[in-house]
Amino acid sequence: MSSFSNEQLNSIDLPRVEDICFVPIEKDYLKILLLYISLSNIILTVILSAYFIFKPFALPSTALYSILTIASIRIAWSYYSTVKSFPHKAFALREKDIIYKSGWLWRHMVTAPFNRVQHIQIDQGVLERQFNLSKLKIFTAGGSSSDITIPGLRPEQSARLKQFIVAKTALDEEE
Amino acid sequence: MKKSKSFDLSQPTRQSYAAILIIMYRLYRVIIRQLLPVAVIILLQGKLDKSGWFLYPIITIAVIGAAYSILAFFRYYFYLEKDKLIVKKGVLKRSTLEIPFDRIQSVNFEQNLIHRLFSVVKLNMDTAGSTGNELQLYALNRDMASQLSELILQSIKSKKKSLDISENKTTPVDSRKQIFGLSIGQLLKVGITENHIRSGGIIVFFLFYIWDSLEDFGVDLIEKGEQYMPVAQQLVQSMAIVIVLVILFSIIAFTISMVRTVLNYYDLKMYRKGHGFVVVSGLLNKNERAAKDEKVQILKSSQNLLQSWAGIYELVFKQASSAQASEAKSIKSIGLSKENLFEAEAYLLKKNHNESRSLKMKGVDFYFLYKRLFYWTSLMIALTIFFVYNNKIDTLVISLLLYSLAIYASYLAYKKKRYAWGSNIFRLDAGVFGRSRQVVENHKIQNIHLKETPFQRRRGLSTVELHTASGVLTVPDIKRHDAYSMKNYLLYKVESSKKKWM
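Residue numbers (my numbering), protein chains in the order written: chain X, 10 to 184; chain Z, 17 to 518.
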């Protein structure tokens, strides 16, 4: 029972994922990310300083220097890469699917067709509430590793997106 | 259909009395497993005196276990109410389970030795939900079991019918057609061509398990071992002993694979039943597993090196499940010929099955091999420096041999990694010494991931992951242009398809 008959399609005529105009997520989300990173960096710094203040056990100086170098590179890199990769976080809504891309060096793009969406969830953490942001989670049956999470959306925007997708899935089931 | 006896299942019913034995058996097995390390310790330390004090706790535990099993049996009822199966159970804490029929995904029968003695069956019901949501009726009279499963499946079917138009009505539900049966000769073939390295792994794991348990109980093996060390060193230094050990290990590994094969696959039969497949097998535990066509997401056929010499295949139906592609949801059939494979594929893919063979397979980019060569070579250079520095030339020779094996394996993996997409089917071939082939119908794809590492980007490459409800198909290192056109095409296929993925 296939109602589709135009099997032979020139792949050039197909809707192309690469031509899409992506919508960046809210800039405020970068603040949340930086806050989280600062928190983990502060913990790292506290542990390191605690060692230098109390010196509970002795370490050879080469080991100390390399630990310090690695730690400072890590801290600098965490800020740099977060800021660099932030503009790459963007999503696009199409007629029949939703796309989310992320990553600066390691790029990642997920596309979930609406007719495979199982359910949708909106999450808001403590920090996100402060910045009036939310996360949209889209679940398909493809397993937990394949679920889409779009962070940094205004709650209204998430709600609208959710409604839109739910309406689309409902429409799909009716047919 | 003839019914030998009809049961009123709307009344609260107990299981067959054989369930007492089975509950007891399960309970004892758990207890014994827990106490095994202790028993090993007691034996090892030689504290087993002749007074027989140790018998009393064992008897006490056994009696309590028996009493518990009997209680559990008498407190376990099930009955049907409208479209629900209701189970009441619990010895100390009473609980009631309600399972609507339409939540039941499949009903499987199972028989182990005890079941066979009393001619009862165990009923496994998978529900749509996370793992651990399965319901088991330990022992049911065979007629009652088939009546129950018939009722449940009938009710699901009648509900589905009203929704599903694509159902093919030509095949009657009860007709069973055997696609494949495993004869004794073929069974031996299957056993001989098993992956013996894996069986060897089981021995190693078992030894580790014992070791671990002993250490938990304070037996320090290393300390004990050191007492024997001088002797052991002498032994290991003599090459003959090493060879004997290797041979012994191989024989044990081989025996384990043979025994496992016979236990698991004795009298294996694969049937086509209604719109699904049934695989029955097992010597002591007779397993019956069923897979509905619409639930099968990925069809995987494979051969290891030995199997390809013997010309037999393994076939796995990967079914949709929330806990991705767990063993229990994959149904495996083994020892098939190429023709059997064709037949199963033809049933499952219907008119599309020819497509999977006529597809033009494409290879992956050379970077796939380059990456591996790079890893292994850098590792080898580091090892060479280390071994030369420490003057361990014999170890260096062995690692050089392993290195060339790794390179050869990488080359084979590169050559055998092939993919293709057609208007209805996606196919992914892979393998190192053996080979495997996975086929998925396009409309069963759930979502598509596209990934790029910085190294891939420099070469204009991407990795595509096709996520289905029973696992991921990864196409690594292909030209970005190809990746995009594949993604666009498959998305178009998924989005324009009216077929249900399950």
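There could be a bad hint or two in this list.
Said to hold, decoys possible - Quick list of the computed label-pair ranges, beta carbon to beta carbon:
{"no.": "1", "chain 1": "Z", "residue 1": "Asn211", "chain 2": "X", "residue 2": "Ala67", "range": "29 to 35 Å"}
{"no.": "2", "chain 1": "Z", "residue 1": "Phe221", "chain 2": "X", "residue 2": "Thr91", "range": "40 to 46 Å"}
{"no.": "3", "chain 1": "X", "residue 1": "Glu165", "chain 2": "Z", "residue 2": "Leu87", "range": "56 to 62 Å"}
{"no.": "4", "chain 1": "X", "residue 1": "Leu180", "chain 2": "Z", "residue 2": "Pro470", "range": "39 to 45 Å"}
{"no.": "5", "chain 1": "Z", "residue 1": "Leu321", "chain 2": "X", "residue 2": "Ile79", "range": "42 to 48 Å"}
In short, the hints are calculated from the structure, not lab data. Values in this document were obtained by computation on a predicted structure and should not be read as measured data. Think of the CB as a built atom: it goes at the ideal place given N, C-alpha and C, for glycine as much as any other residue.
Given the range 56 to 62 Å, decide if the beta-carbon distance of Glu165 of chain X to Leu87 of chain Z lies inside it. Holds, at about 58 Å.
Honestly, do Leu180 of chain X and Pro470 of chain Z meet the 39 to 45 Å range at C-beta? For Leu180 of chain X and Pro470 of chain Z the Cβ distance comes to about 41 Å; the hint holds.
Is 40 to 46 Å respected by the C-beta to C-beta distance linking Phe221 of chain Z and Thr91 of chain X? Given a distance of about 42 Å, which is inside 40 to 46 Å, the answer is holds.
Satisfaction of the hinted span 29 to 35 Å by the C-beta atoms belonging to Asn211 of chain Z and Ala67 of chain X: Between Asn211 of chain Z and Ala67 of chain X, where Cβ atoms are some 51 Å apart, the hint is violated.
Look at the Cβ atoms of Leu321 of chain Z and Ile79 of chain X and judge whether their distance stays inside 42 to 48 Å. Once the Cβ atoms are compared, 44 Å apart, the range 42 to 48 Å for Ile79 of chain X and Leu321 of chain Z holds.
Consistency note: the structure conflicts with earlier hint 1 alone.
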